[in-house]
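In the order they appear, the protein sequences are chains A and B. If you're matching positions, the first sequence starts at 1 in my numbering and goes up one per residue. If you're matching positions, the second sequence starts at 1 in my numbering and goes up one per residue.
Honestly, the hints are just simulated from the structure, not real lab data. It is possible that part of the hints are untrue.
[As the list claims (entries may be wrong)] Keeping only pairs whose Cα atoms sit at most 25 Å apart, straight-line, the calculated SDA-like set for lysine to any residue is: (1) K426(A) / P242(A); (2) K92(B) / M183(A); (3) K92(B) / F178(A); (4) K464(A) / A370(A); (5) K92(B) / A36(B); (6) K426(A) / L502(A); (7) K92(B) / L181(A); (8) K92(B) / V103(B); (9) K92(B) / N179(A); (10) K204(B) / T72(B); (11) K92(B) / P175(A); (12) K426(A) / V296(A); (13) K426(A) / D343(A); (14) K426(A) / R501(A); (15) K204(B) / L215(B); (16) K92(B) / G245(A); (17) K426(A) / W415(A); (18) K92(B) / V28(B); (19) K464(A) / R316(A); (20) K464(A) / A382(A); (21) K92(B) / P242(A).
These numbers were taken from a predicted model, which means no experiment stands behind them.
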Amino acid sequence: MIVLETLYVATPALTAQAPILAIVIPLLGACAAAMAPSARAAWMISVAAAVFGAWMALAVAGEAMREGVLVYVLGGFDPPMGIALRIDAMGALMGLLIGSVGTLAAVFSGHSLVAEVRPEKHTLFQAGFLLCQAGLTGLVFTGDAFNAFVFLEVSSIGTYALVAVGERRDRRALPAAFNYLIMGTVGATFYVIGVGFLYAATGTLNMVDMAARLATLDQSMAVQAGFAFILAGLGVKAAMFPLHGWLPGAYAGGPSLISVLLAATATKAAIYLMVRFMFEVFPQGAAFGEAFLTWVLAPLAATGAIVCSLQAVFARELRRMIAFSSVAQVGFIFLGVSLANADGLSASLFYMVAHGLMKATMFMALGALALSIGARRLDDFAGVAREAPWTAVAFAIGAASLVGTPLTMGFLAKWGLIEAAIASGKVWIAVVIAAGSVLTVIYVGRMIEAMFFRPPLPGAPRAKEAPIGVLAPLLVLAGLSIWFGFDASLIEQLSQAGAARLFEVRP
Amino acid sequence: MSGPTIDANFALNIALLLMLVAIAFAVVRTRSLLAAILMMSVYSLASAAWLMVADAADVAFTEAVVGAGASTVILLGAILLARGEAERVNWKLMIAPGALAVVVGAVLIYAAGGLPNYGDPASPANSHVGRAYLEQTYGDIGAPNVVTAVLASYRGFDTLGETVVIFAACIGVALMLGFGPRATLAPPTEIPNDQHVVLRVVAKLLIPLIALFALYVQFHGDLGAGGGFQAGVIMAVAIILHALVFGLRATMAAVPVRLARTVAALGVVVYAGVGVVCIINGGGFLDYDYLFSPRIEAMIPANLLGDPSHEHHWGQHFGILFIEIGVLLTVSATIVTMFYGFAGRTLETIEAERRG
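Start from the sequences, fold in the hints, and give me the full structure.
As structure tokens, then:
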């Protein structure tokens, strides 16, 4: 059992400011990186800011566990007049995921950018990356519905541009980024329209205040429409089936770094915000909320889990396979959420972290291979395990976790979901998860078979083992999937406390 | 003598909204991109007028300078690099988006039924936090313009976020269009100056005035409509006008690409830096009451703003002033960067980039 509160060292003064510093230091780092004289300086700034942000996120998580909810008032005006950050265990868990994956991605970017991005763009790329870090952290820490929109925009605009930069490796990154930009902007607009309706109905933007006032109102048409717009808008960002059209192209076309970031944190942050609205802001037990979960969310999630797994089975490009797999896994996460109880949500939160770590591992391993071979199709990866054994093993660990092999984090995640579904009496959800897992075995089997058991294609460029600067973060990521497969107490305590908090009976 | 009375405000609202609908249809119908851009500009101007009728002066101002002004200029810069005509779209392809638009419209109309009456003093938006702002702003902050007080102080963290969004747009445009060696070396399109003596003379007269007006809007934000966002756009327009009349090369010599990017970052640093200073002095982030340590605050003369009898919130005054300067820097530099991004490219440089 790991006690979270013992994991960080910081002075009380620093700990008190940790929530805001986790956002502002990456932000200032982004400004510094944009002004940096050289790519190397920008990289160092990026690593330093990401490490500091992760450290602060760890302090926030410890404090949130100690106090239950951490509130940081901005500008000296108490909410609802001012804006406050409000972090409970669920937000702390997401902050920790964003901070740690971001740090590893920042280290990894040192070599990866050289191979994938035009040299004159490195400083700006690091600035954009840090903006994403700041935006995502702000998104999961804020307690204000409009403030969340602002941070959603910060992180989104960063990611649109970073996906487009992948054009050096793959021209298709440009239309992919454009699709993502249009769909993402429509999604953000929907979100802000929804927040507007809720503001008209409640007169407040603070989420806690909004929840308290919504609980006393009759559910007017404006509130219902607000709910619909917010969930549809965030659904685009979260790549909820069938709003995921932007995702495969963006994951496949963007630079490796951005695939790591998008897969592990960006979609997860949007899911997190949806969960907040579904179970915290909107009154529990409202008829339209229940109807949405049972008749819209669960069927769509189940369809997505099966259809996109099939698409992954038949895809020819490796990155595209993993991308479709991500949409399918988002379906699994939403299936857990649709159970609308603490067990289901806790399992989903755990699954989110597990999936974030495994996908980050897989995309980072592909990024490590991209240093030496520019392969896209699965067949081009034949036999890379012989030339780059460490990278291939890290990829295999991520893949094993994706399948749900025992002794990996993915196993605990799948097990938790199935258990929660059966405990809630929804056996069909457990069946869908099992069926999706069978499909996962098929497409992961194809990847592993090509990488480990096939001879390299004659005449194909030979892969090389990645340098230590890339291998180190990659192996740490892979190691986390194994470590949490043995001792998941760190993640479990946060996911359980976070889920329990949302479902406790409100006065 | 009594005839049917028509509420003038109501009539104006209906007229402006009908105009917006008509322009929106025209934008969708036309296939000339130039016409579409100009009509979008008219659309923004009409919405600015409508927002003015709704008494939202700050929003109207922003809509006018950003929607009708800057974004039109940037879109016009972009259109030079594209074909001027949109392709005819097969109507079958329009069915799905059309249906989606109809559904969204239906939901919006459905929701409107649940909204409080326009201007209802008892509506939630006017009675809860909104009312508290009106009642407490003068005591808390001392700024006569409540909109500025809300944007810059009560919800100053949002405005920091918005400034960062603009900075992110700057980074995004610079990343995608790039100002690497290729782009800067490319000969910028020169406008033949000899034929435009009148233009040049008028521009020389206008540019300082526009810049002056930007500063007026900047510092007037405390009192009336205005502030860093609007002022930043106006300042950028002065620079863009210079580029349009005297050629991009001359403007880039005065305001280099790299300088613009640095200034955009610097604006965010100024804004966030104010927040960090508040932390160092023992307050929370962006808590302007802690902007000055007590020792420094004691050194501020009581009659600095003229009226010594009335208690001033110096931290709030200066905090708002500083962050608005940060906003001005980021906004103006970002718009100039965007303009450079499009105007600095010619069809030839794009072709060269695609090849190399």
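Open item on the list: Hint compliance check: list the failing hint numbers for this structure, sorted ascending.
Closed with: none
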